[in-house]
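Protein sequences appear in the order of chains H and Y.
In my numbering, each residue carries its 1-based index in the first sequence increased by 4.
In my numbering, each residue carries its 1-based index in the second sequence increased by 465.
Treat the hints with care, since some could be wrong.
Claimed, not checked - Pairs of lysine-lysine residues, derived as DSS-like cross-links and limited to a Cα-Cα distance of at most 25 Å, are as follows: (1) K763/Y x K54/H; (2) K54/H x K597/Y; (3) K579/Y x K597/Y.
Stated by the list, open to error - Chain H regions said to be covered by chain Y (calculated; three or more residues, Cβ under 8 Å): (4) 20 to 26; (5) 98 to 109.
Said to hold, decoys possible - Under 8 Å between C-beta atoms, here's a sample of chain Y residues computed to sit facing chain H: (6) A502; (7) E510; (8) K543; (9) L655; (10) R662; (11) L663; (12) Q687; (13) T688.
Quick caveat, the hints were computed from the structure, so don't treat them as lab data.
Just so you know, even glycine gets a beta-carbon here, dropped at the ideal spot from N, CA and C.
Residues per chain are reported as follows:
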Amino acid sequence: MSLHSANEHQDGFSTLVDHHLHKDMLRFTTAGSVDDGKSTLIGRLLHDSKSVYEDQLASVSKSRVNRSSGPIDFSLLTDGLRAEREQGITIDVAYRYFETPRRKFIIADTPGHEQYTRNMATGASTADLAVILIDATRGVLAQTRRHAYISSLLGIRNIVAAINKMDLLEYREDVFRRLYDDFLALAGQLNLSNVVGIPISALEGGNLVNPTGRMPWYHGPTLLEHLETVPVRAEVHQEAMRFPVQYVVRPDADFRGFAGRVASGTIRPGDAVMALPSQQMTRVRSIVTYDEAAAEAFSPMSVTLTLEDEIDLSRGDMLVTPENPPTVASRIDAMVVWFDAEPLAVGRTYLIKHSVRTSRAKAGAIEYRVNMNTLEQEPARELKMNDIAAVQFEIAKPLFFDPYERNRTTGSFILIDPLTNATVGAAIIRAALPAESSHETDWKTPVSAGEKHLRHGHEPALVLVESRPLLAQYLDRALFAQGFEVALVSGEDVPAGRLADLLPLSQSAGLVLIYSTGAISAEQKRALRLDAVRTFDLTALNLPEDDQGAVSTAVAALQSLRIAEGPADAGEVN
Amino acid sequence: MAYAMQGALQQAVAAELQNPAGFAAPKRLNHLKTLEAESIYILREAVAEFARPVMLYSIGKDSSVMLRLAQKAFFPGKIPFPLLHVDTSYKFPEMIEFRDSYTREIGAELIVHKNQEALDQGANPFALGTQKCCGLLKTKSLLDALNEGGYDAAFGGARRDEEKSRAKERIYSFRDPLGQWDPKNQRPELWNIFNSRLNKGESIRVFPLSNWTELDIWLYIQTENIPIVPLYFAREREVVVRGASIVPIYSQNDLLPGEKSQRISCRMRSLGCMPCTGAIRSEADTLPKIIRELLGFKRSERENRVIDHDEEGSMELKKREGYF
Ligand SMILES: Nc1nc2c(ncn2[C@@H]2O[C@H](COP(=O)(O)OP(=O)(O)OP(=O)(O)O)[C@@H](O)[C@H]2O)c(=O)[nH]1
Ligand SMILES: [Mg+2]
Chain H
5 MSLHSANEHQ
15 DGFSTLVDHH
25 LHKDMLRFTT
35 AGSVDDGKST
45 LIGRLLHDSK
55 SVYEDQLASV
65 SKSRVNRSSG
75 PIDFSLLTDG
85 LRAEREQGIT
95 IDVAYRYFET
105 PRRKFIIADT
115 PGHEQYTRNM
125 ATGASTADLA
135 VILIDATRGV
145 LAQTRRHAYI
155 SSLLGIRNIV
165 AAINKMDLLE
175 YREDVFRRLY
185 DDFLALAGQL
195 NLSNVVGIPI
205 SALEGGNLVN
215 PTGRMPWYHG
225 PTLLEHLETV
235 PVRAEVHQEA
245 MRFPVQYVVR
255 PDADFRGFAG
265 RVASGTIRPG
275 DAVMALPSQQ
285 MTRVRSIVTY
295 DEAAAEAFSP
305 MSVTLTLEDE
315 IDLSRGDMLV
325 TPENPPTVAS
335 RIDAMVVWFD
345 AEPLAVGRTY
355 LIKHSVRTSR
365 AKAGAIEYRV
375 NMNTLEQEPA
385 RELKMNDIAA
395 VQFEIAKPLF
405 FDPYERNRTT
415 GSFILIDPLT
425 NATVGAAIIR
435 AALPAESSHE
445 TDWKTPVSAG
455 EKHLRHGHEP
465 ALVLVESRPL
475 LAQYLDRALF
485 AQGFEVALVS
495 GEDVPAGRLA
505 DLLPLSQSAG
515 LVLIYSTGAI
525 SAEQKRALRL
535 DAVRTFDLTA
545 LNLPEDDQGA
555 VSTAVAALQS
565 LRIAEGPADA
575 GEVN
Chain Y
466 MAYAMQGALQ
476 QAVAAELQNP
486 AGFAAPKRLN
496 HLKTLEAESI
506 YILREAVAEF
516 ARPVMLYSIG
526 KDSSVMLRLA
536 QKAFFPGKIP
546 FPLLHVDTSY
556 KFPEMIEFRD
566 SYTREIGAEL
576 IVHKNQEALD
586 QGANPFALGT
596 QKCCGLLKTK
606 SLLDALNEGG
616 YDAAFGGARR
626 DEEKSRAKER
636 IYSFRDPLGQ
646 WDPKNQRPEL
656 WNIFNSRLNK
666 GESIRVFPLS
676 NWTELDIWLY
686 IQTENIPIVP
696 LYFAREREVV
706 VRGASIVPIY
716 SQNDLLPGEK
726 SQRISCRMRS
736 LGCMPCTGAI
746 RSEADTLPKI
756 IRELLGFKRS
766 ERENRVIDHD
776 EEGSMELKKR
786 EGYF
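Please model the entire structure based on the sequences and the hints provided.
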């Protein structure tokens with residue numbers, strides 16, 4: 005059958021093969037607002053690093069479309085769809101593959117247009133590095149912030165802030181410094197690490213592959229030099245073992261193997277493993293592959309395991325290290341990026357696919373939505389397309405998860421609309437929430453205030469609103485929508501002098517009591533003796549004039565009432 | 466200056482954090498094994514979630530790799546889906562020979578589908594033009610075969626590095642009940658989580674080789690010793706030089722009026738239908754020679770496929786009509 009022979013020895017050939025097999029690989033994505041020059045940058049990078057075939061370049065040069073001011077519109081090397089060329093924008097991710105003597109690269113060139121944020125998230129989800137472009141003539145825009153936010157959420161560890169179109173501003177150092185500082189401030193707010201700023205001209209190729217004489221004040225690496233040398237994330241095999249079971253291989257009655265991809269950690273024959281959700285314990289008998297029985301399996305290998313005992317295990321279950329199991333919970337809190345034109349509605353049931361397991365999940369309270377202009381948290385009753393928000397979910401089958409920073413596979417899921425089957429959102433798990441019906445207690449035990457607070461998920465407090473009855477009403481709604489237990493009391497019903505009588509009750513019931521009154525003097529306030537309870541005096545908060553702004557500021561302040569749950573570091577994503 | 470220093474410092478700190486001293490050097494899967502692991506994951510995922518998957522088997526190098534990956538994914542079990550070859554009847558005889566003997570050897574179930582109606586009416590690229598011929602013998606034939614089999618998922622060996630519209634495609638490529646691709650409205654596809662939910666009549670084309678390059682394919686064939694059609698290896702062949710293409714000749718009937726055949730050392734870089742796939746001049750008769758030759762190529766592998774150049778964006782148009 006085989007005409008060829010694999011064992012042919014030619015001088016240096018095995019070295020060549022070896023070199024290719026062991027080269028580092030870096031996956032990176034472009035990001036930034038529409039027209040900032042992402043596709044031009046990628047086209048130019050490919051061209052200048054001699055990674056474009058002659059016939060592909062020829063087809064681009066003779067294209068009818070050219071929106072650039074140069075002889076070749078390099079953006080056409082990745083904007084390959086007809087609609088993209090007609091409209092002059094990128095619509096969906098283009099994946100390009102190239103290599104230099106030092107590294108292999110997979111590029112995802114993503115769209116900047118807000119309408120296609122879902123496609124940017126698609127490209128960024130598998131990236132180790134993001135090149136975020138900033139048009140020097142336009143600076144940091146809301147869409148730049150959105151993409152930076154998504155990059156941070158997705159855990160992209162390396163960021164290049166590419167200040168582009170320097171040619172339009174005389175290659176001025178002060179322009180670069182100002183915009184890079186703007187971006188660094190943003191990066192600081194988002195906990196983005198390893199940020200490197202490079203001034204470039206994608207159009208001319210300046211500082212992409214070759215340095216440019218136009219910016220003698222810049223002494224840092226060119227983009228390609230940086231991409232070739234930035235440390236690549238090493239797989240961490242010391243992490244706790246997670247093996248989601250993908251498929252049961254059962255060719256005959258004698259063989260029962262569990263096929264899957266190692267999500268983290270290392271597996272060896274003889275290792276003790278626990279099955280979830282059954283919690284049954286067994287040992288790994290062997291690691292079966294087509295090539296040979298393996299002595300160990302680690303992430304991201306796809307293997308088949310046989311086990312010592314016949315346990316209950318099927319697709320969607322997980323084998324884990326018994327000493328260090330994942331969190332198991334059916335109520336969770338996640339950061340969601342919403343993709344669908346149909347808004348996410350509180351109370352609606354969606355399908356979630358977590359690793360290889362699909363279950364139903366009800367969207368609970370929206371804790372907050374992130375305002376992309378201010379990056380502040382604001383209340384929301386539903387999520388519109390491209391919104392990013394913290395949302396609670398109640399899941400039909402418990403999830404087994406780890407914090408996303410530690411495990412991308414077990415820390416993330418997608419949301420599917422059960423009616424349209426569309427992929428409507430992506431989510432990063434933050435923490436488990438306490439179970440709705442808390443563990444059984446003796447029926448004679450009195451209910452403590454602490455138990456109530458825990459169930460509500462927040463501490464009680466008093467909120468003082470003076471002379472803004474509408475604001476009090478809006479705040480009531482906003483807090484309610486976020487799952488707070490609230491009571492709104494008007495000064496007309498309960499005069500200030502009698503407020504003190506009400507407080508012990510609202511405190512032990514665990515309520516956030518909004519007290520809406522006319523203006524009261526400092527003297528009167530002291531008489532209320534409010535120091536006994538946690539009080540938010542909105543007058544002291546210097547709220548904005550407009551009600552909407554005032555509500556979001558107040559709600560943001562009240563987030564400090566929430567009771568943290570789950571692993572201490574799980575809430576840190578943002 | 467300050468900025469450069471800052472960057473270098475940050476990198477050094479990051480390197481230290483990511484690989485702190487005292488930790489054992491992290492194990493790493495080599496490049497091909499990493500690609501292999503991803504492809505196997507995709508194959509298993511689709512088989513677990515779809516009711517009736519099928520593999521489009523085109524007999525070329527990419528199909529050979531995909532078939533080996535399927536053997537690996539379900540080992541020690543058999544490949545749990547049939548292979549479908551859409552036969553235009555214009556395939557090289559070596560391809561058909563290889564298809565029949567190799568699929569028999571590995572015990573795979575093979576389905577061959579032809580658009581007999583169109584062939585009976587004499588469909589051929591010379592009379593119809595390549596676009597129309599492809600539409601009838603490939604796209605229509607494929608859609609009919611998928612319909613008849615009631616397949617809800619079809620594996621294809623397409624790679625993103627092949628062509629500019631393929632560079633845009635998801636690993637799970639959603640198709641409407643008419644098999645059409647809507648490139649402006651693809652499902653988001655984050656991480657390695659695939660949405661396989663479908664309504665009646667809809668289907669997914671699954672591309673396990675999305676992230677492989679032409680070089681990866683050849684290196685894998687070399688390291689895994691995977692059998693491929695002999696047409697990929699150079700030897701002297703009877704050919705006719707037609708414009709810029711070198712077309713193999715099997716009988717004098719293949720010559721157009723006025724043409725003369727000659728013997729040239731050549732091989733195929735990519736395999737399609739006889740009238741529309743050109744050979745390249747080459748002396749590369751072994752895998753190492755092919756791989757070395759590939760590293761020196763200045764033009765893409767699809768350059769010798771007439772159908773891709775009918776007009777700008779022709780691959781995209783064909784895909785929108787249901788081609789894979
Ligand atoms: N002067 C100048 N123009 C540039 C530069 N880079 C890009 N452009 C132009 O900016 C316009 C937009 O470039 P694209 O590369 O399509 O931008 P993009 O970021 O990919 O846009 P989307 O993908 O649609 O978000 C084109 O007209 C480019 O020629 C540059 O460095 N200097
Ligand atoms: Mg673009």
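Of the numbered hints stated previously, which ones are contradicted by the structure, given in increasing order?
-> Of the numbered hints given earlier, the structure breaks just one, which is hint 2.
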